[in-house]
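Trainee: As given, the protein sequences belong to chains L and A, one line each in that order.
Okay, so the first sequence: first residue is 1 according to this note's numbering, each after it adds one.
Okay, so the second sequence: first residue is 1 according to this note's numbering, each after it adds one.
There could be a bad hint or two in this list.
Unchecked claim - Just the calculated beta-carbon pair ranges, DEER-fashion:
1. Y135/L x P29/A: 33 to 41 Å
2. R4/L x L62/A: 54 to 62 Å
3. I62/L x T558/A: 30 to 38 Å
4. V704/A x T88/L: 27 to 35 Å
5. S723/A x Y135/L: 49 to 57 Å
6. V115/A x R146/L: 35 to 43 Å
7. S130/L x L567/A: 45 to 53 Å
8. G30/A x A33/L: 28 to 36 Å
9. S556/A x I62/L: 27 to 35 Å
10. A33/L x P29/A: 53 to 61 Å
Said to hold, decoys possible - Listed below are the simulated DSS-like cross-link pairs for lysine-lysine, each with C-alpha atoms no more than 25 Å apart in a straight line:
11. K163/L x K131/L
12. K184/A x K163/L
13. K163/L x K241/A
14. K97/L x K184/A
15. K131/L x K159/A
16. K94/L x K413/A
For the record, the hints were derived by calculation from the structure and aren't laboratory data.
Quantities reported herein were computed from a predicted structural model and do not represent experimental measurements.
In this text, a Cβ means the ideal position worked out from N, Cα and C, and glycines have one as well.
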Amino acid sequence: MLTRLRAIVQRFTYHRSTRLTSEGLQFLFFTLAVGIAAINTGNNLFYLLLSMMLSIILVSGIVAEHCLRRLEFHRHLPDLLFTNELATATLVVKNRKSRFPSFSLTLFDVCDGQDIDRGLVIRELPPGASKLLSYPLVAARRGRLRLDGVRVITSFPFGLFLKKAYYPVAGEAIICPEIKPLADEALQDLLAAGQEHTAHRKGSGSDLYNLRLYQAGDDSRAIHWVTTARTSKLTVRETEAESQRRASIYLSLLAPDNLDTEFEEAVAYTASLVHHLAARGYHLQLTAGASRSSFGQGEAHLLDLLRMLALCERRAPHAEMRSDTDRFMEPPDRVDSGALIVVRPWRGAEVPSMPVPALLVDAETFLGASHAM
Amino acid sequence: MPCDQALRLTSIVLASASFVGLVLGASLPGWLIFLTASALLVALSRTGNVTAITSVVRLVTLSPTTWNVLVLSGFLGFWIDSLWISGDLLTSGIHFLLVLMIIKLFNLQHRRDYVHLFAISLVAILAAASLTSELWYFPIFLAYMLAGVWTLLLFQLTKDAAVPSAAMRREPEPLESNRDVTPKLFWLANGLAAATFGLTLVIFFVIPRVSAGFYQKGYGENIRTSGFSNTVDLGSIGPIKRDRSVVMRVELPDRQAHEVGRFYLRGLAFDRYDGRSWANQLSHRRSLSEDSPETFTLRGSQSHKPSPHGPALRQHIQLEPLDTPVLFAAPFAESINGRFPAIQADVTGALYLPFPSSTRIEYSAVSRSNTVAPADLQPQPAAYPELFIRHFLQMPVQSERIAALARDVAESKQTIYEKAVAIQDHLSSHYRYSLDAPLAAQAHPLEEFLFDRKTGYCEHYATAMVMMLRAIGIPARLVTGFLATEWNEYGNYYVVRQQDAHAWVEVHLPHSGWVMMDPTPADGDSPGGTLPAWHTVQSMLDSVRLRWNRFFVQYSATDQLAVMRDLQTGSASVRLRTLDSLAAFLRPLTDAFETGIDSMTNGGLPHVVKVVAILLAGCGGVAWLVWARPWNWPRRSTGAAGNEQAIVQLYRRMLRQLERRGIRKPAAMPPLQFIRIIQAQWSTAGTAVASITELYCRARFGRVPLTREELHRAQETFHQLTSLSRS
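One chain only, chain L, in its complex shape (with noise of 0.2 Å):
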């Protein structure tokens, strides 16, 4: 009942709420105190006086009504952030009331019944105009970030009350994991472990694909003049196509309660992996858990991996190792599918047997050992 009671009285003060500060506790015990000396002398200055103070108190709570009444606000957040790494929002606050501005007014953005302070500060707005806020955001964990509204707070005009009014303003963002530098010794390893099971093709590219006797038509810049001045032929160099480079990455959403850091970590290198991945053209499929994405290439779909990442969330071990949805068990599509790569935060978690051999990145690896073949 009580708890009822106190929620139905968090609701209603929850748009509205009024609180005294230190000079206001001051200004209202001397106010008590000259009511008491008017109510025992019945000197009608004391009334005055005490009516003075209670006006001031008045004047204070209307006034204060009137900077938070009408104003409107708009939000817009980056589409995807990355944790720990610094990003822009904006705020756009307009007071829609048409005499009056609104003064010394303190945003707060308010995410989970919880007031983050940005520092912003507006000391004046117009009638009718509006202000561009725009303020820092560093998101400290991945997933989706959820801001519910804004609580804007006025100590105007005596500083006796500071007045809270709440707007809704939802705003929401993906908060990606982390992306790390890998060490190029890393990566070379893995790349060169996932070479072998590439499926080439001639393309545009820098490496080697094959030598041929040139043909009407093919690129002069194309020939392969030590070749050429060896076997007396004119011989063009192929190249192997950058784009069909192709590699698929697993990640175990396996892990116990405890090893919560390690599962963010992984999915941290995991993410890395995809970006330095995707930064050379391959081609990428990412299976997290349940879920798989296709092949693909390019900004659109490395962003698609990466909000996969941001979402995906540690599964323990106990209830859903057999779990039927994780597809962790399950081989890859093709047989072409290039280099595999099994990111693993826990040794727990069973690795399923491939068509090819997989390159196995456990704990050791993302929290700075080398990684194991």
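We have chain L already, so just place chain A on it with the hints.
Mentor: Below, chain A alone, put in the same frame as chain L:
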């Protein structure tokens, strides 16, 4: 003016307002007034950056520990004062409050110091309210409220990020403490003050009046008066006849001034005269019955026969605190309405409170004077009871000459009334009124007045008439009270002063009862003709004072109940009542306006010129305010624009200095080129001239504002330049 400087200024104004309130309300020692006023002036001059005072104050800067020791010493002094010097907790508390104010004014540095000063000034204005109810409190209160609103507003604006995590606060705009008081802020603060004032009035009139009355105190000493005790020496009224203190104000709701004329307010009646003093031997008091709440009715009559009554006269009386419990009303009072625990009356019809009031009191009275019955105009023998004769025909032994005179004057008259009128006329026509009559020192003052000096004032006239009447067997008594003659045309009421204290005669006629007669002629010293201009202002002020007392000081739960009753009966009557009250409050202004218009239409050209001149001056004042915007002056003098003006003036002074040294700058020559000429002709001055010129060009043409330090540096450079000698 920057906001932090303005905060300091308004805090000092706030303290000043409460200090003035205390000075006017309490009798403070001179040294304390001097010290506090000096502290306020020093604090004010520090706000205005008066260099000499600031540097002197810096020299005597004390540590926080020293200030704390001073506060403790002040607290110790408070107890010593309370126990041995003043012996009064309130007085010593006020002294201690002012000591705290002085300490805080010298130590006004941190934000908490401003809070402390605000609290001290609040207690001080509260103390002033407990010590007075005079009209001057109202402007002091208004000044206090205005300064208070400004102080609170500036305190909030200069607050350093009061909300949590101040470290995160980013400041895209300059700090408020560095910002100037803009015209917008000026009007905002004044608008808030006006709103606060309006709301204050509403709350004041609406807030329920509850008085528990554990601690009630009057306002200082009561007004000392004389003539209103059971024994009065002849000539005792004389000294107070030069005192202009207001003792009461009387409104006559049913009549206008021209209908009333000289207005008598009856106090005490005396029956026994011993040759030097009067005494009231019928002073036994009985409590009046309270017919309805707060209404006391006087039953029966002091005369031994019923008498025909004149028309009823209603009066609203505001009586200042006097040192006598006597209540005054027009003769003869029938009922009194007021918030009194009890009212008493003696046999002569005098009214008393149980004890003298220490505060201003307000009451209504209904009086009805006796008219002369037609039967008394016929010669008829009169028979009085023994008791009546013993009291109202009593005479001192040495009055044989007086009896002879009375018989001479009245011998040709037939009726009692005619004889009384003859004696009254004789006295008023054959004797001269003068306050300079030292008859009290004489052995037989009455004979001295009647036969030797023939000069005196009301007491002598009235005593002489009573004695003459009694000498020929007509019962009479002496009455003291006030004779009101000063009509306030702005408020429609009588102002009664100490100097209006008066004595007159009541003659008993067989069929009419006690009839009032006054043998005193009009005062020859009283001013006649046109009243001086200051009198008009005084009347207006007094009218405002009356309304202040009526609407603020005396406002009570009864008034609130009356409004509530009106609300119940209908909104129209409330609206009318409100409009009436508003009209009554504003009447001095509207009357002054009407007087001005009358003067214009009837007073001829000089009055028209006067009014037009006043109107033009008013319009000129408004136009000047709009054009000059004086509220921007502090900003101009202290801001960037002020610095620019200062460097321009300094550059001109430098040019004049150089001209005196023989180097003149042609008007067409650019400043930078002039530097080269100086360096060529007077190399030692080159650096100083170049420095000042550089700052001048920057502020004048580059529009880059100078800082105070740069301006200060330029002034020092100029002083160095003046000390250089050119070989």
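Trainee: Take the C-beta atom of S723/A and the C-beta atom of Y135/L, compute their distance, and say whether it sits inside 49 to 57 Å.
Mentor: About 56 Å separates the Cβ atoms of S723/A and Y135/L, which means 49 to 57 Å holds.
Trainee: Is the straight-line distance between the alpha-carbon of K163/L and that of K131/L 25 Å or less?
Mentor: Given that 25 Å is the threshold and the Cα spacing comes to 21 Å, the pair holds.
Trainee: Does the beta carbon distance between R4/L and L62/A stay inside 54 to 62 Å, or does it fall outside?
Mentor: holds, 60 Å
Trainee: Do the beta carbons of V704/A and T88/L sit within 27 to 35 Å of each other?
Mentor: Taking Cβ atoms as reference, V704/A and T88/L lie about 32 Å apart, which means the hint holds.
Trainee: State, for the Cβ atoms of G30/A and A33/L, whether the hinted interval 28 to 36 Å holds or is violated.
Mentor: holds, 31 Å
Trainee: Checking one constraint from the list: CA of K131/L to CA of K159/A, max 25 Å. Satisfied?
Mentor: holds, 22 Å
Trainee: Given a hinted range of 30 to 38 Å, is it respected by the beta-carbon distance of I62/L and T558/A?
Mentor: About 31 Å separates the Cβ atoms of I62/L and T558/A, which means 30 to 38 Å holds.
Trainee: Look at the Cβ atoms of A33/L and P29/A and judge whether their distance stays inside 53 to 61 Å.
Mentor: Given range 53 to 61 Å: violated, Cβ gap about 27 Å.
Trainee: Take the C-alpha atoms of K163/L and K241/A, compute the straight-line distance between them, and say whether it is at most 25 Å.
Mentor: Violated - the C-alpha atoms of K241/A and K163/L are around 63 Å apart, more than 25 Å.
Trainee: Given the hint of 27 to 35 Å, check if S556/A and I62/L actually sit that far apart at their C-beta atoms.
Mentor: The hinted range 27 to 35 Å holds for S556/A and I62/L, with Cβ atoms some 29 Å apart.
Trainee: Just tell me: holds or violated, for the beta carbon distance of S130/L and L567/A against 45 to 53 Å?
Mentor: Holds, since S130/L and L567/A (Cβ atoms, about 46 Å apart) stay within the stated range.
Trainee: Between V115/A and R146/L, does the beta-carbon spacing fit 35 to 43 Å?
Mentor: Holds - the Cβ-Cβ distance for V115/A and R146/L, about 41 Å, lies within 35 to 43 Å.
In the structure shown, a violation is registered for the earlier hints numbered 1, 10, 13 and 16, in ascending order.
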